[in-house]
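Protein chains: 2
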Amino acid sequence: MQENKIIKLTVRDVRFPTSLEQHGSDAMHTDPDYSVAYVVLETDSDAALKGYGLTFTVGRGTEIVVCAVKALSTLVVGKTLKEIVSDFRGFYRLLSSDGQMRWVGPEKGVIQLATAAILNAVWDLWARVEGKVRNKPLKTNTFECAYMIAIKIQNEAILLKVAKKGQKNREEQMLKEGYPAYTTSCAWLGYTDQQLTQLCSEALAQGWTKFKVKVGADLQDDIRRCSLIRKLIGPNNTLMIDANQRWDVNEAITWVTKLAEFHPLWIEEPTCPDDVLGHASISKALAPLGIGVATGEQCHNRVMFKQFLQAAALQFVQIDSCRVGSVNENLAIILMAAKFNVPVCPHAGGVGLCELVQHLILFDYISVSASLNNRMCEYVDHLHEHFKSPTIIRNAHYIPPKDPGYSCEMLEESVQKHQYPDGEVWRAIEQQGKQ
Amino acid sequence: MQENKIIKLTVRDVRFPTSLEQHGSDAMHTDPDYSVAYVVLETDSDAALKGYGLTFTVGRGTEIVVCAVKALSTLVVGKTLKEIVSDFRGFYRLLSSDGQMRWVGPEKGVIQLATAAILNAVWDLWARVEGKVRNKPLKTNTFECAYMIAIKIQNEAILLKVAKKGQKNREEQMLKEGYPAYTTSCAWLGYTDQQLTQLCSEALAQGWTKFKVKVGADLQDDIRRCSLIRKLIGPNNTLMIDANQRWDVNEAITWVTKLAEFHPLWIEEPTCPDDVLGHASISKALAPLGIGVATGEQCHNRVMFKQFLQAAALQFVQIDSCRVGSVNENLAIILMAAKFNVPVCPHAGGVGLCELVQHLILFDYISVSASLNNRMCEYVDHLHEHFKSPTIIRNAHYIPPKDPGYSCEMLEESVQKHQYPDGEVWRAIEQQGKQ
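In order, the protein sequence lines correspond to chains E and G. Mapped onto this note's numbering, the consecutive letters of the first sequence carry residue numbers 905 to 1339. Mapped onto this note's numbering, the consecutive letters of the second sequence carry residue numbers 905 to 1339.
In case anyone wonders, no lab produced these hints; they're calculated from the structure. Quantities reported herein were computed from a predicted structural model and do not represent experimental measurements. Please note that the accuracy of each hint is not assured.
Claimed, not checked - Covered, in the sense of this in silico footprint (three residues per stretch, anywhere, with C-beta under 8 angstroms from a C-beta of chain G), are these stretches of chain E: (1) 1166–1180; (2) 1292–1300.
Claimed, not checked - Derived pair list, reagent style BS3-like, types lysine-lysine, alpha-carbon separation capped at 25 angstroms: (3) K954/E - K909/E; (4) K954/G - K986/G; (5) K1338/E - K974/G; (6) K1210/E - K1338/G; (7) K1292/E - K1306/E; (8) K1069/E - K1080/E; (9) K1188/E - K1210/E; (10) K1210/E - K1188/G; (11) K1080/E - K1338/E; (12) K1338/G - K912/E; (13) K983/G - K1338/E; (14) K1338/G - K983/E; (15) K1338/E - K912/G; (16) K974/E - K1338/G; (17) K974/E - K974/G; (18) K1321/E - K1338/E; (19) K1188/E - K1210/G; (20) K1306/E - K1338/E; (21) K1162/E - K1188/E.
To be verified - Only part of the chain E face toward chain G is listed, based on derived beta-carbon distances under 10 angstroms: (22) Q1077; (23) L1079; (24) K1210.
Think of the CB as a built atom: it goes at the ideal place given N, C-alpha and C, for glycine as much as any other residue.
Full structure from sequences and hints, please.
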């Protein structure tokens, strides 16, 4: 492998004005403008070879993450890819444990989101380089990534037996059928009942069988909306509900109990994402109703996930490709989930989250869990048009990506148009505001 | 009370080159440059009336916190002090739950440190205004703050009985004797044995009886240093040890067991600050040795403290004036600690942490815990000269501050000199680097 020295890191603040149409609205994020801190790495080996990475945000605050990426970039620029991947754990620690910067984390919040953006770009770069160097047709890049992850596991002697048996079959199954997905696009909190009915009917026609509804702002509204959706999808399709942290512990139990008649599979983010023991209480109270607790999109690192698993505080692990330290940390979380025999059902949506996380969940199925039982990956149908290799959904399944890399390269035109605050989209909005 | 509209918020990146002499060095922060994001609020009522606040950092990364303060400032400028304090809880939530910015937290890391800097300035402003308006001699500003906090408790009907009985006596006792302190200045990890011996002997001569030693990098070193200090201070003085998160759970238990012969009162930050259940295991294992677990300086919010208390994962609550959401959140933590009957022993040192936290610990004693048993406040003897009303230590006790406000107004000359990267101190260091 060539050394591939990283000679430049650029980061841009890219925002989409999704709040204008209430896409993505929930009980805590009432006006999100889906955004990313978008990182591009350049190397000295080949002008065309770049690594693309991002972290997802929801508008204001993206500039803080951009600032953090810039601060961390001094630890990246000048390193060779070879140095990085030959001690990827050490490199992760370099970013997360800088003797001065770790104070403003450690491994949480802004600095962790920035670490994810950078590491996603490094993984993308590595996947592209590997594909080139190994000089054989890539079946799919996902499996290429999985291959590298498997090597990493071996190298670091993580003592969990990875499911070897049947790996080949599962690989073929995924290429043919894809990984099961559920949709969150039908029932954002800000949508009217009419929108909800129309979107839900369309989704059913397209083959969707699993639906998530946002709840938590008003109980009567929730009852009306859940009742409407359950009627539309029938008793055999799957319904999940998501409160986005709106409640305290007892409120969560009372509220969800009142929605139990609609048979949701899980309640997602019932309370503060830091409250491991609170989630454990909620899990225990809702278990007799057949409702599990799902959380993870704001769970900031592997140590928090470890405790959620130890305390039986969740029944569905929702990994996020940008909240924790990229593939490195998600790998640890996937392995822990397998050890505790808890299904991984990733958080996705936003901008680029579906593109990224499909790699992780395919790896989980093919090489770790070997099961689809109670497993599915979130899908939200917007903003994919801004990516060079957007996710492919067929019959409500993620079809494994075939292009090299980690799938989050954006179209340069989209990036420029949506750069905040100077891109043309935002200049136009500012002009309208002045009129 | 006048409305006192906040018309301007400025924030500056102020760094002290402490790494040059290894002040503040520990097992995880080997080269800290003690720093602050320094906030000044101006009002429309009186040019001389300002609110001063800060959050502590250790060098690189301060610029990220400054960026976050700027992002949050739009939620502060334009508000009147009256609006804020008449619904202080609502104002706290406004800062911590902005529908877009909360994504990059919530309530943790950079955005929480920035929230603390702003709220510290608001509390300072409020204390100054109250002192003026009530137009009577302030005994000490601490008690003025305590008075306001007490009102707040009453308003929000927090159901904990605050110790009324004997309050007057404790107030007088504090004015006379001060609050017991311990010193961390003698035994930073980067100090030589000779430095350590000298500083320890000087501290003993000044009346110090409680000493903290940094450990965790090398066991043989730790044994040598602890043995040396225990010999110097004798069997009856108090020794604490601090690993600054260096170990994993089992390593912590093994390592501390080997230091048990030196009879430390506590082991501080034995492992990852997020690992509530890990700390619970360590607490359980060390209890038979008579060693407690202390943590909190990197515990990012009240929900984490709640779990530490619920899980019996700590025996000493180390509140920090800048890590969580200022007085508002520390109040909740102090009350929870009292409910669980666990002593509060604040983290201090850094820049301005002693100045701030003395108000909180005096409030704890006078109005909540009413006990000094196993209680003491950290003190580090440096950088106080940059403050307008530096802490006063007499016979190893914090003497209650008498100047109005929250005591973290810095000398403007110090701020200008140490502004990063353009202050003269940093320009000189840059010049030396070039030579």
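Checklist entry - Which of the listed hints are not met by the structure? => result Per hint list: 2, 6, 11, 20, 22, 23 violated.
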